[in-house]
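Engineer: Here the structure of chain A is known, so what remains is to put chains B and C in place on it, guided by the hints.
Residue numbers (our numbering), protein chains in the order written: chain A, 1 to 150; chain B, 1001 to 1414; chain C, 2001 to 2142.
Take these hints with a grain of salt, some might be off.
Pairs of lysine-lysine, BS3-like flavour, derived with a Cα cap of 25 Å [to be verified]:
#, chain 1, residue 1, chain 2, residue 2
1, B, K1245, B, K1077
2, C, K2109, A, K144
3, C, K2124, A, K135
Where chain A lies over chain C, by a calculated footprint (3+ residues, C-beta under 8 Å) [claimed, not checked]:
#, stretch
4, 2002 to 2012
5, 2103 to 2114
6, 2127 to 2138
What follows is a list of derived Cβ distance ranges for each label pair [as the list claims (entries may be wrong)]:
#, chain 1, residue 1, chain 2, residue 2, range
7, A, P116, B, S1028, 44 to 52 Å
8, B, E1043, C, K2109, 27 to 35 Å
9, A, V88, B, E1100, 27 to 35 Å
Please keep in mind that the hints were generated in silico from the structure rather than gathered at the bench.
Quantities reported herein were computed from a predicted structural model and do not represent experimental measurements.
Beta carbons are placed, not taken as given, at the ideal position from N, Cα and C, and that holds for glycine.
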Amino acid sequence: MKVFIYPTNSLILSDLVERFGHKPLAMMQVIGKKVRTQGLDSPPLNVTPEDPKFGLKYAAVEVPSGVRGRMALFDPLLTQAEAAVVVVDPVLSFGCQGCARTNELVNFLLRGKKIPLLRLDYPKDEEEAKLFVYKISEFLKSLKPEEVKK
Amino acid sequence: MTVTETPVRIAELSCGAEYSGIQPEIDSAVKQVNAVMVYPEVETSEIETIEEELGLKVASPDLKLMMARAKSIVTGKVHVDAVFISTCFRCAEAAIVRSEVRRYINENTRIPVISYSFTERTTAATLLTRMEALTTTARRKSLLAREKQTGITAGIDSGSTTTKCVVMKDNKIIGKGWVPTIKVLESADEAFNNAMKEAGVTRSDIQALGTTGYGRFLIGEHLKADLMQEEITVNSKGAVYLAEKQKGPATVLDIGGMDNKAISVLDGIPGMFTMGGICAGASGRFLEMTAKRLGVEITKLGALAIEGDAKNVKMNSYCIVFGIQSLVNNLAAGCTPQDVAAAACHSVAEQLFEQQLQEVDVKEPVIMVGGTALIEGLPKAVEELLKLKVIVPPNAQYIGAVGAALLSSGFISK
Amino acid sequence: MDTINKMIVVKSHKVLPSDVAIKLYESKPDIFVKETCYGVLVTGERDVVENIILDIRKLDPYGIFIKERGFSPGEPFRCRSFRHGGSKPGFHNLQNDDAMLTYIASGLKALDKGEIPVETNKKKKLDIDKFVEIIKGSEVAK
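With the rest of the complex left out, here is chain A (with noise of 0.2 Å):
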């Protein structure tokens, strides 16, 4: 299954739901198309001025350019998710993930889609980390797997 990741550009995350047969849904594939497409030259990240504008599926216009900007990227994510992990209270994290009212927001979004979710803390010791990776593989088990990669 389509797993959507939050933090969304989690190393662990990522590598969690892969390593247990599904597939993560993570920006970096979002921002690897963008940055791969032909024709548009809008370094870094060739994101436009009609992401913000696309951006208006999610939010008014008086949400500010940033936000509408990320949630053009998080759309395709959020379209494809079938289930989700997510982070509750991740450290810090940058660029896609680093603006408190995109994050809020599509957290939101993710409750309202109704699918398979878990929810974490973020581990603090190795006791932590255990029940992590045990918590993240049982939902990833009682999800179909996609295709399961040994």
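Structural biologist: Using the frame of chain A, we list chains B and C on its own:
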């Protein structure tokens, strides 16, 4: 500006620019003024502790990064010549951080700072004047240190509404020209000729010429100017010169025909500045339209406003369309032209106060310049809002031209 | 053809980034490999890269972590040598993630051993009556 000059290092402290699609516009403006954007180095641990250190807690990680980068500048970990602080327009959290980071850098360094809030519609052209001012302040400190005009020089200020020119000799204005801007070059020629005629000089007598304002490049090339400079540095220089406040802090306010500027100056050099341009409600155009509606000359609007009381007029908008409509409705409801004129001045002053003066630290003396400063009701409304005395120097309407003539005298020896 | 970049983070006692790079080179398909301070970046066609990393994981399942990366190696708009200083925003994220990898590895090992971790109860806010009691107690002590 020659390309052999070392590029000015501008630190970009921003949140949301890449996601608004305007980073290329920022980069383009920076490139045009021969500068490079620098992203100050920070350790991850520094980002984690910055909120405690500065005492400002924020939810957005990119704003924390912005604060940590500011600290790298203040502590000298990274060397930069100027700082550009920008965040999304209408983001409350970012507006607080933008303002505090600007203050933090200004209080701890002498590095010039400009802050700006952008939308996805922000273009390189909009940013260019600001970047030009920023790099000039960083690059041309010795030029800006000039306090006296020498020889015979002229300055032309090509504004969106009027074109002004002065000819100066030995630190005195000897000729002036003021014409409406119709065709940029022709209006400049006319203003220049009028000033030269009044001064009793010819083009060959002019030892150096400076241009400023919207049409500076076009006119500068046409008349082979020695200096083509944006209006932020030129006007602040002209303001402290005319007001005889060249030493110490000052705040320069310039409500132009289309936009307005608020500049925090120290020893005649801009330290923090902002330039409005998103809304025309805080511009001379608003007052021009009010005058037209009241059937008075713009030059008479100020005196009318002094006799009126803005409190008698209820305005539900400061917009140049709806605000004017509101004034018209008040006239229809029986308000006096005096009160309406006062309300228009108050509206423009309030907009300046709300939108520009929040981006700089207002320090006395406050000097109001530009043609709008002569509309007496306007400095009065600003005084009421700021609760301090506003200085309108003589020849305030020629501020850009005087600044350009003053600065261009630095080119005479060349 | 869809080209992707995978970031292979090596946090292993058994495997070095150079081992991963050699393994990638040995697989010989048309891929681009770059060693970095945290591991290896590999660029190539999606199917090819996704297949190769299955083998890479096997080198040390507890010491190799992989995610996709948007930018290609040395991308001038992200590479710090072109950006005049500061690291790209993702670097700080990676540094945070990296600090946690040893614990995640413990979690994966525990999982493979069939351990079921017990959830400890989180501390709740102090009951207000209890708090009042403590305050009164401290007043008496004075």
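Engineer: Determine for every hint whether it applies to the structure shown.
Structural biologist: Results for each hint:
For the given pair, B:K1245 sits about 34 Å from B:K1077 by alpha-carbon distance, which is inconsistent with the 25 Å threshold. For the proposed pair C:K2109 and A:K144, the alpha carbon gap of about 24 Å is at most 25 Å, so the pair holds. Between C:K2124 and A:K135, the direct Cα distance comes to roughly 22 Å. Compliance with the 25 Å bound is thereby established for this hinted pair. Requiring three or more residues with a Cβ within less than 8 Å of a Cβ of chain A, the coverage given for the stretch 2002 to 2012 of chain C holds, as 5 such residues are present.
With 7 residues having a beta carbon nearer than 8 Å to a beta carbon of chain A, the stretch 2103 to 2114 of chain C meets the requirement of three or more and the stated coverage holds. Coverage of a stretch by a chain is defined here by at least three residues with a beta carbon nearer than 8 Å to that chain's beta carbons; for the stretch 2127 to 2138 of chain C and chain A the count is 0, and the condition is violated. Our hint of 44 to 52 Å for A:P116 and B:S1028 holds, since their Cβ atoms are close to 46 Å apart. At about 31 Å, the CB distance of B:E1043 to C:K2109 agrees with the hint of 27 to 35 Å.
Look at A:V88 against B:E1100: about 28 Å separates their beta carbons, and that is inside 27 to 35 Å.
In this structure, the earlier hints numbered 1, 6 are contradicted, and the remaining ones agree with it.
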